[in-house]
Each structure stands twice: as C-alpha cells, then as structure tokens.
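Asks: Please construct the entire structure, taking both the sequences and the accompanying hints into account.
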Amino acid sequence: MRISDRFIMALRNLWRRKSRTILTILSVIIGSTSIILMLAFAQGISNSQKEMIESFQGLTSINIMDENGEGLDVNDSVINKLKNIDNVRAVVPSKNIYADFKIVDNDEYEIDGSINVIPDNMFSLLTDDMLDMGSIPNPSDTDRILLGPNTAANKTTDTGDGGYYMEPDENFDFASHEYFIRLGYKDESEDDGVNFGKEENPLDSEGKETNKPQTVDIPIKVAGKLNNTSFLNGWGSYISESTYKKLKEEDDKLAFPTLNQDFDEQGNPIKSNDKEIKYDNLQVVVDKAENVKDVEQAIRKLGYQTNSMAEASKEIESQTRTIMLILGGIGSIAFIVSAIGIINTMLMSIYERQKEIGVMKVIGASVSDIQTMFLIESGFIGFFGGVLGLLISLLAGKLINNVFTGLNEGMVGVNKIIIIPTWLALVGVGFSALVGVLAGYLPARRATKLSAIDALRAN
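Read in order, the letters of the sequence shown are residues 1 to 459 in UniProt numbering.
Please note that a few of the clues may not be correct.
Claimed, not checked - Cut-off 20 Å, straight-line C-alpha distance, at most; resulting in silico cross-link-like pairs (PhoX-like, lysine-lysine):
(1) Lys-245 <-> Lys-95
(2) Lys-81 <-> Lys-293
(3) Lys-246 <-> Lys-278
(4) Lys-248 <-> Lys-225
(5) Lys-246 <-> Lys-288
(6) Lys-225 <-> Lys-102
What the hints contain is simulated information worked out from the structure, not anything from laboratory work.
Replies: Spelled out as structure tokens, the structure:
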C-alpha cells in the first residue's frame with residue numbers, strides 16, 4: 001500500500017466520523033492552546049525583563065569604579081588600559097550636568113532624561129545605522145544635542161480633580177519642536193529658611209546677596225535620536241565638550257552656577273572654579289553580551305570594580321527556564337487529557353471497523369500497513385488540533401497584548417506579555433502531532449493483533 005493511499009484512507013475514515021473527530025480535536029486544541037500560551041507568557045516575562053535591563057544600562061555595558069567602589073578619576077591612562085582589553089567596543093567617559101532640557105512654549109510635555117557631556121571623539125564612533133532619526137552632530141557645533149535611545153517626552157494629563165499624572169508619549173515627534181537648556185537654580189518651594197535661588201534677595205554661591213540672574217535659557221537643537229544598537233544607551237542625552245564650554249560661559253554669569261557644582265560634607269552647594277571638564281563616569285561597551293563576563297574579569301585584574309547587567313541577565317534566563325518548566329507542566333496536564341481522548345477515539349474506531357481490518361488482512365495488507373494507517377489517523381487528530389490551537393493562541397496573544405499595552409502605556413519593558421516565537425509555534429504543532437501518534441500506538445497495535453477470521457465474524 002502506497003503511503004499516499006494510507007493518508008487518503010486515514011482522512012476518509014476521520015471524515016466518516018465527523019462528530020467524534022471534531023470532539024477529539026477539540027480536546028487537543030485545548031491542550032495545545034494551554035501549553036503554547038503558558039510558554040508564551042514565560043517568554044514574554046523574560047523579554048520584558050531583558051528590555052527593562054537594556055533600557056537602563058544595556059546587556060553589553062559595564063560601569064567602572066575604583067577599588068573602593070566609588071567613581072573614577074578618569075584620565076587618558078585609565079581609558080587606554082581599558083581600550084586594550086579584547087572584545088571592548090568603546091570606552092565612554094561622561095559627565096552628568098545639572099540642567100533642564102525643555103521644549104519652547106510647551107508646558108504639556110516634559111523631556112525625561114539626564115544631559116551628559118562626552119568627549120568630542122565619541123561622536124566620530126557613531127554611525128548612521130545607530131540613529132532612529134536625524135543625524136550625528138558635528139562636535140564643533142555648539143547648539144546641538146543628541147538624544148539617547150530611551151529619552152522620552154512625558155505628557156502631562158489633568159486628572160480633573162486638581163491633580164495630574166505624566167506618561168511617555170511614544171508618538172511624540174522630536175523633530176517638529178524647538179528646545180532650550182535652562183541653567184541655574186530657582187527655588188520654587190515653600191519658605192524653608194534657605195533662599196538660594198529665591199526671587200527676592202537671592203544669594204550667590206558664597207552666601208552673599210546678588211543682582212545676578214538666577215537662570216538663563218540657551219537655545220539648543222536636536223540633531224538626532226539614537227536607537228538601541230548604539231553604544232550610548234540609557235535615558236540620557238549627549239552634548240559635546242564644545243557645547244558644554246559654551247553653556248559653562250553662560251552658567252558662570254549666574255547668581256548660582258550649577259554646571260560644575262559640588263557639595264560639601266553637609267550637603268551645601270559650593271562653586272567649583274575649575275575650567276576643565278572632569279569626567280566622573282566611565283563605561284566600557286563590549287562587542288557581544290556573551291563576552292561581558294570575560295571583559296569584566298580582565299577589568300578587575302587591572303584593579304577596578306565593575307557593575308553590569310550580565311549577572312542579572314543570567315538570573316533572568318534561569319528564572320525563565322524554571323517558569324517554563326512549571327507552566328509547561330501545568331499545560332501538559334491538558335495534553336494528557338487530550339491523549340486519553342485520542343486513545344478512546346481510536347479504540348472505538350477499531351471496534352467499529354473490525355470487519356474492515358479483517359478484509360484488509362485477507363486481501364494482503366501487512367501488519368505495518370494497518371498499524372501505519374491508524375497511527376496516521378491519530379497523528380492527523382493531533383496535528384489538526386495543534387494547528388488550530390496555534391491559531392487560537394496567536395489571536396488570544398494579540399488580544400492580551402493589546403489590553404496589556406493599553407493598561408501599561410509608556411512603561412519600559414511591558415510592551416508584550418505574550419510572545420510566540422517561531423520555535424514555540426513549531427514545537428506546539430509538532431508536539432501535538434507527536435502526542436497524537438503516541439496516543440494512537442496502543443490502539444494501532446491492538447488492531448494488528450486482531451485475527452482476520454474473528455474480525456470478519458464481528459458485527
């Protein structure tokens with residue numbers, strides 16, 4: 001008997017008993033949908049956590065500290081040592097400045113993210129494929145800022161009862177607005193006995209009354225916005241040393257300069273007269289996530305402390321495997337029930353088709369032909385149930401994701417809670433078909449052991 005004949009006969013037999021076949025397939029649909037959605041949920045949790053990690057620091061970034069776990073005194077010697085380590089993509093010194101990044105004539109939105117100064121040569125390492133929009137600024141341009149991958153525009157929404165809340169607007173068009181950087185300090189809080197930045201009789205950094213302006217607004221243009229492939233990651237935006245020096249000139253004219261601000265042991269602000277840019281953060285970017293551990297070990301051998309998300313990523317992977325095993329085990333219970341249903345259906349089919357089996361044996365059908373025919377039937381039940389279960393899972397996943405995204409709009413790392421990758425879709429359908437074949441094995445063996453004479457005598 002040709003294999004094509006076996007498939008045609010199996011489909012014909014299933015179609016003859018439509019009601020029973022549909023009910024059995026329904027049990028497989030329930031089982032496959034359960035296990036696919038369970039594993040897709042575990043995959044979604046894992047991806048959400050990884051996205052959150054990448055938004056804060058990235059899986060390939062390492063923060064460097066001295067042997068005491070404090071900030072480094074960044075200099076060329078330190079940078080060159082780190083550059084010489086294998087698999088290091090870039091070494092990025094930076095300095096976070098005290099300034100507000102605002103939109104001109106727009107109180108509805110507020111830019112979320114810090115402003116960081118980076119060396120001019122860092123911009124030459126950026127390429128156009130690292131951009132979501134715009135272009136890479138020329139470091140000599142003193143009126144440009146480059147937005148980081150996660151820089152967001154928070155929209156203010158009135159609650160109607162005197163309060164408000166803010167959430168990121170993913171559709172905000174950064175290219176269609178004008179911006180400025182506000183320098184200085186203006187205390188808008190209630191009177192607390194301290195009048196740094198007060199409108200009346202403000203004090204300068206030495207505690208003396210002054211007529212100098214408290215704040216100054218410097219126009220700035222958004223050159224572009226980076227994507228997550230850039231080695232500059234996180235929430236910050238970036239300006240060049242040239243831009244910083246221009247801001248510093250204006251900052252020095254204020255009653256209370258804040259760009260190069262330091263604080264004493266009591267937390268009181270003190271002015272620094274140092275004209276040089278002192279970078280206080282150092283980040284090493286590794287070429288691949290799997291090389292982070294080796295690079296960290298090499299950095300520690302140089303006497304520095306490190307901090308990265310590599311360990312957190314491994315912990316997430318371990319937790320994901322555990323969750324998948326637990327949820328997969330729960331979903332497999334439904335598969336066991338569907339397997340029992342397939343066994344019952346096939347046993348009933350054999351009982352009703354004893355004469356047919358007897359005739360097949362008399363006309364020369366081999367044991368293998370009969371066994372294969374029943375295994376194909378049970379395999380079809382599992383396959384059809386798996387395919388339909390996958391389709392239902394995809395639709396249910398899309399619905400759940402839409403609802404979940406709406407409830408958590410703008411939050412990092414919560415875009416999708418149900419993720420069905422290709423491997424899971426294939427495994428879901430394949431496993432369903434395999435369960436069908438395995439469930440049909442015992443009934444098929446029983447069919448092959450029937451005596452041809454006894455089978456022909458059966459009603």
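Asks: Measure nothing beyond the straight line between the CA atoms of Lys-246 and Lys-288; if it is 20 Å or shorter, mark the hint as holding.
Replies: violated (37 Å)
Asks: Tell me if the straight-line CA distance from Lys-81 to Lys-293 falls inside 20 Å.
Replies: The given pair, whose Cα atoms are some 17 Å apart, holds under the 20 Å limit.
Asks: Please verify whether Lys-245 and Lys-95 have alpha carbons no more than 20 Å apart.
Replies: holds (13 Å)
Asks: Run the distance test for Lys-248 versus Lys-225: straight-line Cα separation, threshold 20 Å.
Replies: Measuring from Cα to Cα gives roughly 24 Å; hence the hint is violated.
Asks: Decide if the proposed pair is consistent with the structure: Lys-225 and Lys-102, CA atoms, cutoff 20 Å inclusive.
Replies: holds (16 Å)
Asks: Keeping to a limit of 20 Å between CA atoms, is the pair of Lys-246 and Lys-278 held or broken?
Replies: holds (16 Å)
The structure fails to meet hints 4 and 5 from the earlier list, while all remaining hints are met.
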